[in-house]
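Novice: Sequence:
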Amino acid sequence: KVVIIDECHAYDAYMSQYLNRALNWLGAYGVPVIVLSATLPAEKRKSVVEAYLGRDFLPKKQIDPLADRPVMEEVTPYWVLNHEYPLITYTDGTEIRQTTVPEDDEKKTVKMGQVLEDNLVTLLQEELSEGGCAGVLVNTVKRAQEISRTLREVFGDDAIKLLHSRFLAPDRARKEQELLDELGKPGGETERPPFRIVVGTQVLEQSLDIDFDVMVTDLCPMDLLLQRMGRLHRHNRSRPQKVSQAKCYTIENAEQDFNPASEKIYGGYLLMRTKALLPSQVTMPKDIPALVQGVYDDRNDLTVEHKDYQQHKDRWMHILRDKEKRARDFRIDPAWTDLKQTMIGWMDTDVTHHQSEATVRDTDESIEVLLVQQKINGSIHFLPWAEDGREIMLHQPLDHVTAKALARQRIRLPGILCAPWSIDNTIRELEETNKNQLSLWQQSPWLKGELALILDESLKAQIGNYRIQYHQQEGMIYEKEEDADV
21 KVVIIDECHA
31 YDAYMSQYLN
41 RALNWLGAYG
51 VPVIVLSATL
61 PAEKRKSVVE
71 AYLGRDFLPK
81 KQIDPLADRP
91 VMEEVTPYWV
101 LNHEYPLITY
111 TDGTEIRQTT
121 VPEDDEKKTV
131 KMGQVLEDNL
141 VTLLQEELSE
151 GGCAGVLVNT
161 VKRAQEISRT
171 LREVFGDDAI
181 KLLHSRFLAP
191 DRARKEQELL
201 DELGKPGGET
211 ERPPFRIVVG
221 TQVLEQSLDI
231 DFDVMVTDLC
241 PMDLLLQRMG
251 RLHRHNRSRP
261 QKVSQAKCYT
271 IENAEQDFNP
281 ASEKIYGGYL
291 LMRTKALLPS
301 QVTMPKDIPA
311 LVQGVYDDRN
321 DLTVEHKDYQ
331 QHKDRWMHIL
341 RDKEKRARDF
351 RIDPAWTDLK
361 QTMIGWMDTD
371 VTHHQSEATV
381 RDTDESIEVL
391 LVQQKINGSI
401 HFLPWAEDGR
411 EIMLHQPLDH
421 VTAKALARQR
431 IRLPGILCAP
441 WSIDNTIREL
451 EETNKNQLSL
461 WQQSPWLKGE
471 LALILDESLK
481 AQIGNYRIQY
491 HQQEGMIYEK
501 EEDADV
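According to the working numbering, the sequence shown holds residues 21 to 506 in order.
Among the hints, erroneous ones may be present.
Here are the simulated DSSO-like cross-link-like pairs (lysine-lysine), alpha carbons at most 30 Å apart as the crow flies [stated by the list, open to error]: (1) K162 <-> K66; (2) K205 <-> K306; (3) K262 <-> K127.
These aren't lab readings, by the way, just hints derived from the structure by calculation.
Sequences are here, hints too, so could you generate the full structure?
Specialist: The following block contains the structure:
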């Protein structure tokens with residue numbers, strides 16, 4: 021078998037510890053592995069090769085002829101620092117080899133610019149004055165929802181599409197297919213509209229093969245920014261003259277260096293380095309390796325003139341060390357080299373199965389629920405546009421077809437309801453409601469252990485101090501009770 025690991029750049033320092041240990045075992049058993057990424061930093065490339073081969077490419081010992089003692093001299097293999105692109109690095113036994121993939125003749129030059137968030141509407145009006153399709157990518161669901169509302173007021177509901185992770189699974193799948201039908205590869209059933217603005221979050225960064233004429237984005241680390249720009253002028257097609265040149269604008273904050281939510285997600289250190297390295301234009305793919313390595317290589321001193329730069333750097337390095345340490349505590353042992361060892365007692369550990377599963381991702385716990393609607397007469401139904409809004413029986417076990425359809429009505433609750441200080445209360449409320457009203461659903465194999473969130477006639481519900489609403493156009497919206505009363 022061949023193991024394929026896609027979008028490797030998306031693994032953070034925490035998950036990379038698990039990835040490297042998995043690669044270590046796959047390498048020990050001689051399993052072929054293909055690791056894919058268009059924007060992989062050199063250090064991560066080095067780490068996955070080291071893990072697979074089960075060895076570290078440490079600094080080599082050299083002899084100081086004057087002091088007559090061994091000293092450590094940093095000797096970095098060329099294959100680690102190679103900036104050619106596109107590049108294949110591969111192992112041949114214990115040897116590491118590289119080959120450059122011949123580029124096609126197509127190069128894309130993207131002009132970079134900045135725009136204040138208050139001027140976003142004006143910019144889009146100007147860029148799309150002759151028509152075209154724009155992408156607006158921001159770093160949080162809440163910002164995406166707010167910006168889409170603002171743009172709808174100006175451009176109308178029909179012109180705006182919104183995509184993020186807080187939609188029901190069937191709704192998100194449908195929205196993704198609509199985007200592919202409109203903005204996908206030319207030909208076939210693709211019908212590109214004369215005017216479209218798509219607002220989305222990181223879900224637009226990868227996997228979706230869609231093509232924008234112009235892009236506006238929150239600042240994010242360089243590798244992710246380049247991934248976003250990969251959705252810009254992605255295919256050869258006729259475009260309005262105003263957007264015939266690919267352009268990408270980063271959203272600036274008038275009062276702060278970065279949007280606070282962006283800093284919380286990515287850290288100020290990487291954002292500062294990315295901002296310092298952003299050129300006035302990017303030629304893709306030629307500029308990708310230099311820009312990515314420039315941001316992630318600490319040896320590249322950018323001398324960022326910012327009073328908090330060193331503080332952000334220290335904090336980032338501390339976070340990395342902490343992530344790596346916590347992940348190491350839950351990993352299995354390395355692949356052994358002693359052939360006399362056996363797997364007896366291999367899984368004897370103080371860590372429970374539940375604990376180990378919960379620690380694979382370095383995030384707060386999350387809760388997924390199934391959304392249903394309760395009518396005034398007390399009957400429970402699918403949401404109006406799902407399964408024709410038909411009634412779901414309460415006082416008898418569900419048939420296989422209904423239970424399977426209900427299991428698809430899945431959505432993840434907002435993080436604020438799953439935070440360490442609130443998750444117990446959230447689960448307690450949901451369990452009490454499910455036990456009192458929906459207990460027979462647990463008899464279905466599709467629904468055993470699932471929790472449903474019952475929305476009222478207006479598709480609203482309350483959990484703790486938060487009011488939840490589901491909107492087919494905007495997804496799940498939440499607000500704190502005191503905020504809602506203002």
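Novice: Take the C-alpha atoms of K162 and K66, compute the straight-line distance between them, and say whether it is at most 30 Å.
Specialist: violated, 37 Å
Novice: Starting from K205, check that the Cα of K306 is at most 30 Å away, please.
Specialist: Distance of about 23 Å is within 30 Å: holds.
Novice: Is the Cα-Cα distance between K262 and K127 30 Å or less?
Specialist: holds, 20 Å
Hint check: a violation occurs at hint 1 only; the rest are consistent with the structure.
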